[in-house]
Amino acid sequence: MDKIAVIGVAQTPFSPNKSGETYADLAYEATTKALEDAGLAIADIGNIITTSNDFWDGRTISSMAVGDSAGAAYGEGKNISTVEGDGTLGAFYGMTRILSGSYESTLVLAHSKLSEGNNHLITNAFFDPTYERAIGMDSLTASALQAQSYYNRYKIPPRQSALAVVKNRANAIRNPNAHLQEELTIEDVLRSPQPAPPIHEMEIAPESDGAAALILTTESFAKKHGAKPVWIEGVSFCAEGHRLGERRLWESPALRQAAQKAYKMAGIDNPRKDIDVAEIYEACSYQELLWSEELGFCAQGQGGAFIESRATQLKGELPINPSGGCLSAHAIIVAGLVRIIEAVLQLRGEAVNQVEDAKRALAHGQYGLAGQSHCVWILGKN
Amino acid sequence: MNSIEAPETLLWRESRIKIPYAWAAGETASRFFIEIRDRKKIFGTKCPSCDKVYCPPKKTCGDCFSNCGEWLEVGPDGEITGFTQALYEGGAHPVKNPVGGLILLRGASTAMLHLIGQCPLEELKIGMKVTPVFKENRQGNILDILHFIPAKQNHG
Chain A
1 MDKIAVIGVA QTPFSPNKSG ETYADLAYEA TTKALEDAGL AIADIGNIIT TSNDFWDGRT
61 ISSMAVGDSA GAAYGEGKNI STVEGDGTLG AFYGMTRILS GSYESTLVLA HSKLSEGNNH
121 LITNAFFDPT YERAIGMDSL TASALQAQSY YNRYKIPPRQ SALAVVKNRA NAIRNPNAHL
181 QEELTIEDVL RSPQPAPPIH EMEIAPESDG AAALILTTES FAKKHGAKPV WIEGVSFCAE
241 GHRLGERRLW ESPALRQAAQ KAYKMAGIDN PRKDIDVAEI YEACSYQELL WSEELGFCAQ
301 GQGGAFIESR ATQLKGELPI NPSGGCLSAH AIIVAGLVRI IEAVLQLRGE AVNQVEDAKR
361 ALAHGQYGLA GQSHCVWILG KN
Chain B
1001 MNSIEAPETL LWRESRIKIP YAWAAGETAS RFFIEIRDRK KIFGTKCPSC DKVYCPPKKT
1061 CGDCFSNCGE WLEVGPDGEI TGFTQALYEG GAHPVKNPVG GLILLRGAST AMLHLIGQCP
1121 LEELKIGMKV TPVFKENRQG NILDILHFIP AKQNHG
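Those sequence lines, one after another, are chains A and B. Each residue of the first sequence is one higher than the last, beginning at 1 in the working numbering. Each residue of the second sequence is one higher than the last, beginning at 1001 in the working numbering.
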């Protein structure tokens, strides 16, 4: 694959209710900051990908509604296209547009304001209208079914998933973009109510408002503009079947597949050793454990023991979510793009909780009920 | 220009989106619902390649990418393979604090998402045998099964 660089990254701070800004305002803030970060002007951008979901925005063609804020109407108008899904999928599409040879640069934008809609009703609409929607489940209860399946299969004690919350919220204290920043104990987490057993309230990613953007370019474009590039070494996106009742919820074949393909592209044999830092998308605490297994950081069923070993702490062997992760800030759609952005900052040496001498980072995004689809990115410094 | 200094003066446009739909159930789901409505029988479809029996039935096996043409009666009893309860207010809940379960019916290879009733959450277990309660007035939809209940209650 031709070398593709990430040369500009930016996000708005995440917060529970950005009442002073529309989602288009947030998109403009992220876009202009990403351009500034790359040292570019909108005129330099070849094409634009926006990433969103119509249900969360409460309108159709939500992505086009932020076109002006993303610079799509600039000059005589730019080519703008759209992804409905997580920001990592938008970035994947943006990368392939450069690889097509048609563009030297892509601006990838993601936005969402969870404060404006009703997450329960919106994610209930993820379910098939004929067979399943009337049962009344949503993304939280889908995750609860997965958590139960995973805990039951591998006898994961509740304290091990609670550890992901304790670690990530503490990491977020130094992250000015995070939405929840707090010192917690395992007991605090396990004493919080259980809105969907076995999941505790504190184990659920918050509902945030925000936007993020990044700029992808060819190697020659990056060199010409004197940018500080981070390189894409490997990337893969895989999805599994939709219905929860047809899936083995204690595992994630789609993530395993995406990880193995991305590792192969990047020449990684031993991910635990070869990756210096990982930013992964955990919508609930148990997912950090389960995704760690499928990313090959530990054996199947060992996700709990892995986090308990402190290997994923800031000073551990493989720090996971030094930014605080999605458990500390979670604007759906944007959340995965921010994982890439945090990985880029780590490789530039500019992260708030900088991992010493980070040369290779993993970023992960997911979309769909209980992690139906996954996108894995391997980014490198050199 | 950002002239609003007092956040409490910011405005919202409040509304809701209401668009009626009539989703075609298609031949496969129609047959499934008609069997429940008219005969209180539950059917699945079988993949000719991997022999997996889908219930609720599907026309296409995603694993083999083949056509599931054969119909088989399954259940009506089965076992719980997963469950949770929504202990919060939700506009899509069919009952207050619904217990949602994955029910693997006897003879099926995949589980059906449905409601579990007449049993407190603390007493539910993975592997517990359940049986469906059919509604009196059935309309040809998934809630023609009111819910599944622990099997012994139905016989006791």
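Keep in mind the hints are simulated off the structure, nothing from the lab. Among these hints, one or two may not hold up.
With a Cα cut of at most 30 Å, we get these calculated DSSO-like pairs of lysine-lysine [said to hold, decoys possible]:
1) Lys-1125/B with Lys-1096/B
2) Lys-1052/B with Lys-155/A
3) Lys-155/A with Lys-1125/B
4) Lys-155/A with Lys-1018/B
5) Lys-228/A with Lys-315/A
6) Lys-33/A with Lys-223/A
7) Lys-261/A with Lys-1152/B
8) Lys-155/A with Lys-1152/B
9) Lys-264/A with Lys-315/A
Source: prediction; values computed, not measured.
Hint check results:
Distance restraint check for Lys-1125/B and Lys-1096/B: the Cα-Cα separation of roughly 21 Å lies within the 30 Å cut-off, and the hinted pair is therefore satisfied. The suggested pairing of Lys-1052/B with Lys-155/A holds, with an alpha-carbon distance near 28 Å, which does not exceed 30 Å. At roughly 14 Å between alpha-carbon atoms, Lys-155/A and Lys-1125/B fall within 30 Å of each other, so this suggested pair holds. Distance hint between Lys-155/A and Lys-1018/B is unfulfilled; the C-alpha atoms sit about 44 Å from each other, more than 30 Å.
A hinted pair counts as satisfied when its Cα atoms are at most 30 Å apart, and Lys-228/A with Lys-315/A qualifies at roughly 26 Å. Restraint check for Lys-33/A and Lys-223/A: satisfied, since their Cα atoms lie roughly 20 Å apart, inside the 30 Å limit. Between the alpha carbons of Lys-261/A and Lys-1152/B the distance comes to roughly 48 Å, so the proposed pair goes past 30 Å and is violated. The suggested pairing of Lys-155/A with Lys-1152/B holds, with an alpha-carbon distance near 28 Å, which does not exceed 30 Å.
Of the supplied pair hints, the one linking Lys-264/A and Lys-315/A holds, its CA atoms being roughly 27 Å apart against a limit of 30 Å.
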